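Here the protein sequences come in this chain order: A and B. Here our numbering is used: position 5 in the first sequence is 5, and no number is missing along the way. If you want our numbering, it's the position in the second sequence, counting the first as 1, plus 279.
Don't read these hints as lab results, they were simulated from the structure. It should be emphasised that the depicted structure is a prediction, and the values quoted were computed from it without experimental measurement. Every clue listed holds true.
In the EDC-like style, the derived pairs of lysine to aspartate or glutamate whose C-alpha atoms are separated by at most 20 angstroms in a straight line are:
#1 K19(A) / E58(A)
#2 K537(B) / E58(A)
#3 K283(B) / E136(A)
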Amino acid sequence: MAYIELKNVCKSYGEGKDKTEVLSNINLKIEEGEFVAIVGFTGSGKTTLINLIAGLIEPDSGEILFKGKPIQGTSHERGIIFQNYSLLPWLSVHDNIAMAVKSVFNDWTTKQVEDHVNSFIEKVNLSHAAHKKPRELSGGMRQRVAVARTLAMKPELILMDEPLGALDALTRGNLQEEILSIWSEDRRTALLITNDVDEGVFMADRVIPLRPGPKATLGPEFEIEIERPRNKIALNHLGSFKKLRNEIIEYLMEIGMERTAGMEITHYELPDLAPRRFN
Amino acid sequence: MKTKIIKTVQFIGLGYLEPLIRLLVGEDLKKNGKKAFKRILFPILSVVLFIFLWQSFSNYLSNVESEIKIEKALKDQGSEAAKKLEACIASGDISCRPNSLPSPAMVYTAVGKLWDDHKIMTTKKQDFIDKYETINAARKTKGQIEIVYTGRPSFVDQIMTSLKTVFAGFLLSIIIAVPTGVLLGLSTTLRTSFNWIVQIFKPVSPVVWLLLVSMIVKTLLTNVDVEKSFVISFISVGLCSMWATLVNTSVGVYSVDKDYINVAKVLQLGPFSKVFKIILPSSFPMIFTGLRITLSVAWMVLIAIELLAQSPGLGSFVWEEFQNGSSDSNSKIIVAMFVIGIIGFMLDRIMMIFQKLLTFTE
Numbered sequence: 001m002a003y004i005e006l007k008n009v010c011k012s013y014g015e016g017k018d019k020t021e022v023l024s025n026i027n028l029k030i031e032e033g034e035f036v037a038i039v040g041f042t043g044s045g046k047t048t049l050i051n052l053i054a055g056l057i058e059p060d061s062g063e064i065l066f067k068g069k070p071i072q073g074t075s076h077e078r079g080i081i082f083q084n085y086s087l088l089p090w091l092s093v094h095d096n097i098a099m100a101v102k103s104v105f106n107d108w109t110t111k112q113v114e115d116h117v118n119s120f121i122e123k124v125n126l127s128h129a130a131h132k133k134p135r136e137l138s139g140g141m142r143q144r145v146a147v148a149r150t151l152a153m154k155p156e157l158i159l160m161d162e163p164l165g166a167l168d169a170l171t172r173g174n175l176q177e178e179i180l181s182i183w184s185e186d187r188r189t190a191l192l193i194t195n196d197v198d199e200g201v202f203m204a205d206r207v208i209p210l211r212p213g214p215k216a217t218l219g220p221e222f223e224i225e226i227e228r229p230r231n232k233i234a235l236n237h238l239g240s241f242k243k244l245r246n247e248i249i250e251y252l253m254e255i256g257m258e259r260t261a262g263m264e265i266t267h268y269e270l271p272d273l274a275p276r277r278f279n
Numbered sequence: 280m281k282t283k284i285i286k287t288v289q290f291i292g293l294g295y296l297e298p299l300i301r302l303l304v305g306e307d308l309k310k311n312g313k314k315a316f317k318r319i320l321f322p323i324l325s326v327v328l329f330i331f332l333w334q335s336f337s338n339y340l341s342n343v344e345s346e347i348k349i350e351k352a353l354k355d356q357g358s359e360a361a362k363k364l365e366a367c368i369a370s371g372d373i374s375c376r377p378n379s380l381p382s383p384a385m386v387y388t389a390v391g392k393l394w395d396d397h398k399i400m401t402t403k404k405q406d407f408i409d410k411y412e413t414i415n416a417a418r419k420t421k422g423q424i425e426i427v428y429t430g431r432p433s434f435v436d437q438i439m440t441s442l443k444t445v446f447a448g449f450l451l452s453i454i455i456a457v458p459t460g461v462l463l464g465l466s467t468t469l470r471t472s473f474n475w476i477v478q479i480f481k482p483v484s485p486v487v488w489l490l491l492v493s494m495i496v497k498t499l500l501t502n503v504d505v506e507k508s509f510v511i512s513f514i515s516v517g518l519c520s521m522w523a524t525l526v527n528t529s530v531g532v533y534s535v536d537k538d539y540i541n542v543a544k545v546l547q548l549g550p551f552s553k554v555f556k557i558i559l560p561s562s563f564p565m566i567f568t569g570l571r572i573t574l575s576v577a578w579m580v581l582i583a584i585e586l587l588a589q590s591p592g593l594g595s596f597v598w599e600e601f602q603n604g605s606s607d608s609n610s611k612i613i614v615a616m617f618v619i620g621i622i623g624f625m626l627d628r629i630m631m632i633f634q635k636l637l638t639f640t641e
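Bound conformation, chain A alone (with noise of 0.2 angstroms):
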């Protein structure tokens, strides 16, 4: 039995003439203490997606088994990282995670939270900003406090809607080795959704291409059997993660012209214009 496990999930947006239908039978299977990762264009229904699986919103039809159980609302057991952060403006760095702590561990002494917010702050290299409002952090310091307040409730499987699709290649490619350590500290269950095929085969055991929607479908999975802890610049010269970055990149181009190729293209005549020469 599969940890995770979607059966013929569909789900559609909009009623009567507007309906589109964003997912069509995705099937996926995840086992424990597996780190899977699904790549797709912007718009394919990537974050339809994370938010079924994290219980935000409820399929049209199809199965989402959790641990053998179909999954009903949201659930500590299941932490989700946002795209765009979603800290509480009006908390400090420190309260933001404080709260969701207090919210799984509602039994803890007031020390016991305090020591473990602390703890999570230190592991985003945050304790110099643990004071601070979102307003006054970077984008990379606030996707940071995103993770730490996701990780620091102990979830079981750990959801990430493109974690750091917002965020310049320097600080996306610090975090990712920040998100990594971490997770390999209890190696617990990950689904990364990103459209970075580098981030996908760089921090996941498997890549799944998510074809583009509307009616996205889930296509051929990619193994990636690189050796962890994997480092980024010795990665780049190894020959196997080149030719399956390669290949995954193949594959997204090629039904990236198939859907191209099925959408009408209305060719303009331009007038033959040429440069007047006056002398």
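Dock chain B against chain A, hints included.
Then chain B, alone, in the frame of chain A:
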């Protein structure tokens, strides 16, 4: 120290003083001098221009009025009376001064007069209290009613009464509008059911509110010993001004960012902590904007309500001066106008500071 002062003035909305402060500590004389010159001198110039326009307009009006008066005298009483009147007006005698828009100088004199009046009345009142202190103490032990001062309130006393009324009304509107707004924002059923009440009563004029409230208060408080006019006016002020807060609160609660609601869902907060930890804090900026509008509306309608309810305060001061019609009544009304405006401005600034202190910025 310097940055602290600058931050404080910026916080209370006096940011234009920044260059002056920088200038005073001797920082970059040329640049800050220029800035201070622009940001402080030009507003002063605009005040001067305003006073100049006011002066010319009031001159014009009094000329028009004297001409009408002289012409009327000529028609009704003959040329001799007209000449006499003309001489009288030229001499600036109070008895025949045109009673039109007062000039800035007259208003300035009225300010001094009102202040002297206030000092005289305060000493009178103090004298009265001192005089009757022992008598009242004796009456109290005998179980008799104390003798209270019933003299005319001064202008400053009227301001204080008005402030008291407006705060009572404001408090009432917070107590009614914020919880109601939260409930309406949370429940679509409630919002759609009660929307008609909000839409219909929101545009009702303060005068009508006053009449409605006095109908009710008159009946309910027949045998209760309270200042009925005060109760009527503060309740009317509250009911009149609470709508902005009610609407803003319900919209703020209703339109909480979906991300925050998702956070509440993921953290599995109960309904109570969802409201108090997520929904209320995130709608605080909207609620405070509503409260600011409410306070300024309350202050604005207060004057009209006091005027009609015969309750003491600036409104009745203005009305009494208008009825009084003495030579400096018009000037006193203008003084009251400026005082009302300045206090309204200060109340708004105070609310703005509270808003900045208590709400977040993204």
